Amino acid sequence: MAKLMLEVNNLNVSIKVKQKVYPALEDITFKVNENQVVGVVGESGSGKSLTAQSILGILPANTEVTGSIKLENDELINKSSKAWQKLRSNEVSLIFQEPMTALNPLMKVGKQISEVLRKHTNYSNNECYRKTIDILKEVGLKRPESIYHSYTHELSGGMRQRIVIAIALVNNPKLIIADEPTTALDVTIQAQIIDLLKDIMKKRNGAMLFISHDWGVISQVCDYVLVMYAGKIVEQGPMENLISNPQHPYTKGLLKAIPDFKKRGEALYSIPLRVPALTERRKGNWPYIEITEENKQVVADIFPEILQRETKE
Amino acid sequence: MLEPIIEVKNLTKTYKAAQKKFRQKTSYIHAVKNINFQVLPGESFGIVGESGSGKSTIAHLIMGINKVTEGEIIFRGRNIAQLSRGGEREICRNLQIVFQDPYSSLNPKKSIEWTLTEPLIIHSIGTKASRKEKVIEVLEEVGLGESYLKKKPHELSGGQRQRIAIASALILEPEVIVIDEGVSALDVSIQASILNLLNELKEKHKLTYIFISHDLNVVQYFCDKIAVVYLGDLIELFQTEEFHQEEHAEYTKKLFNAIPDVSFTSRTS
Ligand SMILES: Nc1ncnc2c1ncn2[C@@H]1O[C@H](COP(=O)(O)OP(=O)(O)O)[C@@H](O)[C@H]1O
Ligand SMILES: Nc1ncnc2c1ncn2[C@@H]1O[C@H](COP(=O)(O)OP(=O)(O)O)[C@@H](O)[C@H]1O
Ligand SMILES: [Mg+2]
Ligand SMILES: [Mg+2]
Chain A
1 MAKLMLEVNN
11 LNVSIKVKQK
21 VYPALEDITF
31 KVNENQVVGV
41 VGESGSGKSL
51 TAQSILGILP
61 ANTEVTGSIK
71 LENDELINKS
81 SKAWQKLRSN
91 EVSLIFQEPM
101 TALNPLMKVG
111 KQISEVLRKH
121 TNYSNNECYR
131 KTIDILKEVG
141 LKRPESIYHS
151 YTHELSGGMR
161 QRIVIAIALV
171 NNPKLIIADE
181 PTTALDVTIQ
191 AQIIDLLKDI
201 MKKRNGAMLF
211 ISHDWGVISQ
221 VCDYVLVMYA
231 GKIVEQGPME
241 NLISNPQHPY
251 TKGLLKAIPD
261 FKKRGEALYS
271 IPLRVPALTE
281 RRKGNWPYIE
291 ITEENKQVVA
301 DIFPEILQRE
311 TKE
Chain B
1 MLEPIIEVKN
11 LTKTYKAAQK
21 KFRQKTSYIH
31 AVKNINFQVL
41 PGESFGIVGE
51 SGSGKSTIAH
61 LIMGINKVTE
71 GEIIFRGRNI
81 AQLSRGGERE
91 ICRNLQIVFQ
101 DPYSSLNPKK
111 SIEWTLTEPL
121 IIHSIGTKAS
131 RKEKVIEVLE
141 EVGLGESYLK
151 KKPHELSGGQ
161 RQRIAIASAL
171 ILEPEVIVID
181 EGVSALDVSI
191 QASILNLLNE
201 LKEKHKLTYI
211 FISHDLNVVQ
221 YFCDKIAVVY
231 LGDLIELFQT
241 EEFHQEEHAE
251 YTKKLFNAIP
261 DVSFTSRTS
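In order, the protein sequences belong to chains A and B. With the first letter of the first sequence counted as 1, position 154 gets the number 154 in my numbering; the numbers rise by one all the way through. With the first letter of the second sequence counted as 1, position 78 gets the number 78 in my numbering; the numbers rise by one all the way through.
The following block holds chain B by itself, in its conformation from the complex (with noise of 0.2 Å):
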C-alpha cells in the first residue's frame, strides 16, 4: 500500500473569540475540530465547504503559517505540527501554497524577478547566474516567459497573477502544493487554462495538491477524493469517481444539490 505523503490526525485549531463585554469570560472559536485525513503522493486531494468552515484553516495548520492547537500533522513519516515554518527549511520548501488572491500575496512593489528570487535566496539556493536561470525556466513553465521579469504585479492580468503565485510555489521543486481558492476569482476560461497548467505541472513534477475550493464543478472536475467539512468538521471524505454511485451524508447531498446546473456543458463539447 502507497504510505500517506500528508496524514492528519485529530487535529483540531481554536481561537479565542473577541469579547465582547469587559471582563466577560473568555470564550472559544473551534475553528477546526478532530480532523483525520490521508492525502497520498501524486493526489489532488479536494477539501469543500461553506466560506467559514474551516478550509483555510487547515491549509495554514498544514503549511504551519498556523500554530496546531491540538492534533498531528505527519508528512513523509515526520510529526510536523509543533515546529515552526522558519526553523525548518526542509518542510519549508516542501510545502507550497497558492491563495485565492495573488494580488494580496505578491508585493506590488517589486518585481517578478524579485519575487521569484527571494525564496532562493532565502534558503541559500545557487549562484547568481543560476538563479536567474531558475526564474525563467519557471517564468516558461507557467507560460509566461523572461519577458515578465522585469513587471510588477499592477501590469498584469488576473490569470497572470495567479500564474506568478504558481511560479513562486513551484520554485523551490515542493512536493505538496495547498491551493486555497486558487482558481475562485477567475473568468471561466483563464480558470480553465490555469486547471490545465496545475494537471500538467502535476504530472511533470509528481506534485501532490491539496485543492481548496466552494465551487463543486471544479472540484470534481480536478480532485481525486473529495472532503467535505461543515463547521470545523469533517462530514464525509469520498474517491470524486465513486460520487454518484455512493450514499452521502445529508449535509454533502445539499451542498452537492445547490450546484447550478450546466449538463449543457457536454452537449456543446
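Only chain A is shown next, with the shape it has when bound in the complex (with noise of 0.2 Å):
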C-alpha cells in the first residue's frame, strides 16, 4: 500500500473580520499518498489559497483553527511557530502563482537558491554551490554555471518559474504545495512546467498537491481531485472517474462550462450561482446562498444539499 503523507480531518477555518467571526473552511478531508499528486479545483475564493496555508502554518492572525493535519503521522496544529518554520523549510515547500513575487531582485537567483541551504543544512559553501548547480540542472535550466549569476529581470517568465520551483525542492521536501505555479505562464510554458513538475515528482517519489482553477492543467497533472465550493470540498476522487462520470451537480456544471471546439455554435453553460463573499457566509448554512421561493429550484439543482437541510430541520 502507499504511504500516507498528508491527512486532513475536519478542518475548520475561520476568519474574523471587524469582530465577527466567518466560515472560510468547512469540514474539509482527504489524504495524500507518496508518489501521488492531488489537484485542488475550485473558483476563486473557494478556499483553495487557505487550505494550502493552513497545511503550511501560515494563516493570517486574525484565523481561528480547528481539526487535524498531519504530516506522516505528525500533528501540525498547534505546533509553535518555530515548529512550522522548521517545517516549511524541511519538510514541506510552496511554490507560488507568481514568480516574481516569490524571488529577490536584488539578489542573484543561484545565490537565492543556495541560501536556502546554507540557512537549514550544514554544507560547505562547495556543497551549497554544488547542490545549487545540481537543482539548476535537474529544473531544466541550460548553462546553470551562467543563470546562477543571473538576476530575476534577465530571466524569462518561464525561466523564473523554474528557478521557484527549485528554491522549493532545494532541500528535498516530503509534500510540495503548487498554489496556481502555472497561472501566470503561457500555455506552450505552461505545459514545459507541468512535465518538469511531473517528471520531478516521479523521480522523488514526492506527494503533491496541486491548485488551480484550471480544469485543463489539473486533468494533466493531478491522480486525484479535490473540488471545493464556498470552503467546503464539493466532491473528490481519482482523477479519470472524476472527469468522465462526476457526481456532484456543481463538479457536472463546472466542467460543462469549459468551451472547446466540439461547442462551437452553442451557447455554453454557466453555473447560476456566484460563490458567496466570506462576510455572506454563516457557520451551518453552506452553501451560504440565500434561498427564496424564486431560486430555490435553480440552488437545489446545483446545491441538492440545501433540501437534506430543510427535512432535517
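What the hints contain is simulated information worked out from the structure, not anything from laboratory work. Since we're looking at a predicted model, the values are computed, not measured. Watch out, some of these pointers could steer you wrong.
[Said to hold, decoys possible] Covered, in the sense of this in silico footprint (three residues per stretch, anywhere, with C-beta under 8 Å from a C-beta of chain B), are these stretches of chain A:
#1 96-106
#2 208-219
[Claimed, not checked] With a Cα cut of at most 25 Å, we get these calculated SDA-like pairs of lysine to any residue:
#3 A:Lys262 x B:Glu250
#4 B:Lys110 x A:Ala277
#5 A:Lys252 x B:Ala185
#6 A:Lys137 x A:Ala102
#7 A:Lys256 x B:Asn257
#8 A:Lys232 x A:Asn12
#9 A:Lys108 x A:Arg118
#10 A:Lys111 x A:Lys137
#11 A:Lys262 x B:His248
#12 A:Lys79 x A:Phe30
#13 B:Lys254 x A:Asp186
Just so it is clear, CB atoms sit at the ideal spot from N, CA and C, and this is done for glycine as well.
Since each chain comes alone in its own frame, lean on the hints to assemble the complex.
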C-alpha cells in the first residue's frame, strides 16, 4: 500500500472580520499519499489558498483553526511557530503563482537557492554551490553556471518559475504545495512546467498538492482531485473517474462551462450562482446562498444539499 | 464577395530597445513585422500566440493607441494608419477595445455612471437625460442594470467589471470591438457567461470582433478564423472549422498540441 504522507481531517478555519467570525473552510477532509498528486480545483474564493496556508502554517493572524493536519502521522495543528518554520524549511515547500513575488530582484538567483541550503543545512559553501548547480540542472535550466549569476529581470517568465521550483525542491521536501504555479504562464510554457513537475515527482517519489482553477491543467497533472466551493469539498475522487463521471451537479456544471472546439455554435453552460463573499457566510449554512421561493429550484439543482438541510430542521 | 471591414497590410511596428550601456548604438525590436490579414464584417477574428509574440501590439496599432511604423490599416476602404486617435472622432467611435484587466482600465475613483457617460460627453452625444437613458440601456444589455450606476469598480467582482468594460466599449455603438485577453483572467463559469454575452451582442448589433487570447480552447470555441503569431510574424491563418482537416505549420502544431486535453467535457454535456 502507498505510504500516507498528509492527512487532513475535519479542518475548519474561520476568519474574523470587524469583530465577527465567518466560516472560511468547513470540514475539509482528504489524504495525500507518497507518489501522488492531489489536485484542488474551484472558483476563486472557494478556499484553495486557505487550505494550502493551513498546511503550511501561514494562515493570517485573524483566523481560528480546528481539526487535524498530520504530516507522516505528526500532528501539525497547534505546533509552535518555530516548529512550523522548521517544517517549512525541511518538509513542506510552497510554489507560488507569481514568480516575481517569490524572488528577490536584487539578489543573484543562484544565491537565493544556496541561501536556503546555507540556512537549513550544514553544507560547506562549496557543497551549497554544487547542490545549487545540480538543482538548476534538474529543473531543466541549461548553462546552470551562468544562470547562477543572473538576476530575475534577465530571465523569462518560464525560467523564473523554474527558479521558484528549484528553491522549493532544494531541501528535498516530503510534500510540495503548488498554488496556481502555471496560471501566469503561456500555454506552451505552461506545458513545459507541467512536464517538469511531473518528472520531478516521479524521480523523487514526492507527494504534491496542486491547486488550480484550470481543469485542463488539473487533468494533466493530478491523480486525484478535490472540488471546492465556498470553503467545502463538494466532491473528491480519482482524476479519471471524476472527470468522466462527476457525481455532484456543481462539478458537472464547472466541466460543462469549459469551451472547446466541439461546443462551437452553441451557448456555453454557466453556473447561475456566484461564490458568496466571506462576510455573507453564516456557519452551518453552507453553501451560504439565501434561499427564496424564486431561486430555490435553481440552487437545489446545483446544491441538492439544501433540501436535506430543510428536512433535517 | 464581402468587402473586408478591416484590412492590415505589411503592418510593422518597431520599438527602440532600451540602451544597456551609455553611447551604445541603439538597436530596434520588431514587435510585429509585415503582418497581413483581412477581417470580414460580422466575423470573430482570433489572434493567438505566446506572450510577447505581438498580439497586443497589433491591437494597439489598429486602435491607434500606438503609432504605426510602417504599413497600412484600411478601415472601410480608408487607410487610418497615420491618423491620430483624438483627431478622428468617427473612427474612434467605430473601433473600441476591451482589455484583460478591467480593473486597470476603469477609473477606481469614478462611479460606473461616470465611466459610461464620459465617452458620450466627449463625442457630444445626446442630452443629459438621453445620456442617462443610454447608459442604463447598455448596463441592462450587459446583464447588470440601473442598480450599478452609483457603484465603484472595487465593489464589483471580476466578471462584473468585465461586463462594465464591455458596456463602455458598446456605448458608442461601434462596428468593431477588439478584445485583448478579455476573458483570460476569469473563472471558467464566469468566462462562459461573458463569452455567451459577447456572442449575443454580436448577433444583436452586427459586431465584428478581433479576439486576442492565449487560450486556444477559448479561441477554437469563439472565433471563425485564427491567426497565429510568433515573434512578431504572422505564421498562419486558417478557418477554425477547417482546423482539423488542414496541414499546419510546425509552430501551430506545437501550440495546439500543448492544449490540455479536456475532451471529457463532451462526455458530461
Ligand atoms: N486574511 C483574510 N481576511 C479576510 N478574508 C480572507 C482572508 N484570506 C482569505 N479570505 C477570504 O476567504 C475566502 C477564500 O479565499 P482563498 O482561499 O484565497 O480562495 P481561493 O484561493 O480559492 O481563490 C475568500 O472569500 C477570501 O476573500
Ligand atoms: N512600449 C514598448 N517598448 C518596447 N518594446 C515593447 C513595447 N511594447 C511591446 N514591446 C515588445 O514588443 C513585443 C510584443 O509585445 P506584445 O504585443 O505586448 O505581445 P503580446 O500581447 O503577444 O504578449 C515584445 O517583445 C514586447 O517586449
Ligand atoms: Mg488562491
Ligand atoms: Mg498582450
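* Going through the earlier hints one by one, which of them does the structure break, listed in rising order? -> Violated hint: only 1; rest satisfied.
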